[in-house]
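Required output: the full structure, derived from the provided sequences and hints.
All residue numbers for the sequence shown refer to my numbering, where the first residue is 203 and numbers rise by one.
Read the hints as simulated data drawn from the structure, not as lab findings.
Some hints could be false.
Stated by the list, open to error - Derived CB-CB ranges, DEER-like: (1) R243 with E355: 40 to 50 angstroms; (2) A333 with I275: 23 to 33 angstroms; (3) D218 with Q347: 25 to 35 angstroms; (4) S324 with H388: 24 to 34 angstroms; (5) E267 with D222: 20 to 30 angstroms; (6) D365 with A333: 22 to 32 angstroms; (7) G429 with T313: 16 to 26 angstroms; (8) G269 with A387: 23 to 33 angstroms; (9) G344 with S324: 37 to 47 angstroms; (10) S232 with G344: 32 to 42 angstroms; (11) A353 with D222: 47 to 57 angstroms; (12) T314 with I341: 21 to 31 angstroms.
Beta carbons: idealized from backbone N, C-alpha and C, even for Gly.
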Amino acid sequence: MDQSALKKVAAERAVDFVEDGMTLGLGTGSTVFFLVEAIARRVREEHLHITGVSTSSRTETQAKELGIPMIGIDDTDHIDLTIDGADEIDRHFQGIKGGGAAHTLEKMVATTSAQNIWIVDSSKLVDTLGAFPLPTEVIPFGHTQVERRLAAEGLNPVWRRNDAGELVTTHNGNYVLDLHVGKIAHPHLLAQFLDAQTGILEHGLFLDIVNKVVVGTESGAEVLNAGR
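Here it is, written out as structure tokens:
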């Protein structure tokens with residue numbers, strides 16, 4: 203199977219954890235596309251009653267078109283379960299997200315959720331985080347000062363740009379500064395450092411958040427429990 207097929211395997215297994223009456227957080231990305239299709243199928247065929255909270259306009263549009271009722275995060279006081287993708291997951295079930303520049307919204311939904319499931323293909327499982335660039339969302343005012351500060355710490359920051367060479371902007375109108383850190387031996391310490399930096403709205407380290415990881419493999423979906 204190719205990578206797309208493996209993502210679909212993971213997504214279709216993860217939908218088994220969706221229960222009637224849930225308020226469900228829906229993530230962002232190519233794997234979540236398959237998830238939304240699978241949830242919509244259950245809504246049609248099983249008359250499943252769920253309400254979705256999206257982390258991106260793309261996911262929200264897809265969900266609405268397929269008949270999934272959607273609300274904003276400020277319209278609910280709880281989210282039962284959030285299902286999202288991830289860019290890297292280490293052996294301690296810590297993760298990097300933000301390849302789609304939606305990590306601030308994704309983290310807001312994830313930390314509001316009682317349970318979190320990540321759906322990935324096996325290429326996303328690593329021993330140590332850091333091969334994938336670590337995204338940070340930086341406000342425009344003083345953004346070059348933030349870049350200089352992170353460069354001085356040896357974090358190798360690179361502004362994310364589109365095909366036209368323009369700075370990528372997030373849903374919030376901010377810029378994305380990718381940190382090419384290499385192996386992150388102590389993700390909690392790095393997260394604490396980034397949290398303390400004025401001008402960084404949020405970063406893509408998702409630590410102590412996920413409860414289960416569903417991995418698409420050639421032989422089917424494997425469910426890994428994080429023990430949280």
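Results of checking the hints against the structure:
no.	hint	result
1	R243 with E355: 40 to 50 angstroms	holds, 47 angstroms
2	A333 with I275: 23 to 33 angstroms	holds, 31 angstroms
3	D218 with Q347: 25 to 35 angstroms	violated, 48 angstroms
4	S324 with H388: 24 to 34 angstroms	holds, 25 angstroms
5	E267 with D222: 20 to 30 angstroms	holds, 22 angstroms
6	D365 with A333: 22 to 32 angstroms	holds, 23 angstroms
7	G429 with T313: 16 to 26 angstroms	holds, 19 angstroms
8	G269 with A387: 23 to 33 angstroms	violated, 46 angstroms
9	G344 with S324: 37 to 47 angstroms	holds, 40 angstroms
10	S232 with G344: 32 to 42 angstroms	holds, 34 angstroms
11	A353 with D222: 47 to 57 angstroms	holds, 51 angstroms
12	T314 with I341: 21 to 31 angstroms	holds, 23 angstroms
Going through the hint list in order, the structure does not satisfy hints 3 and 8.
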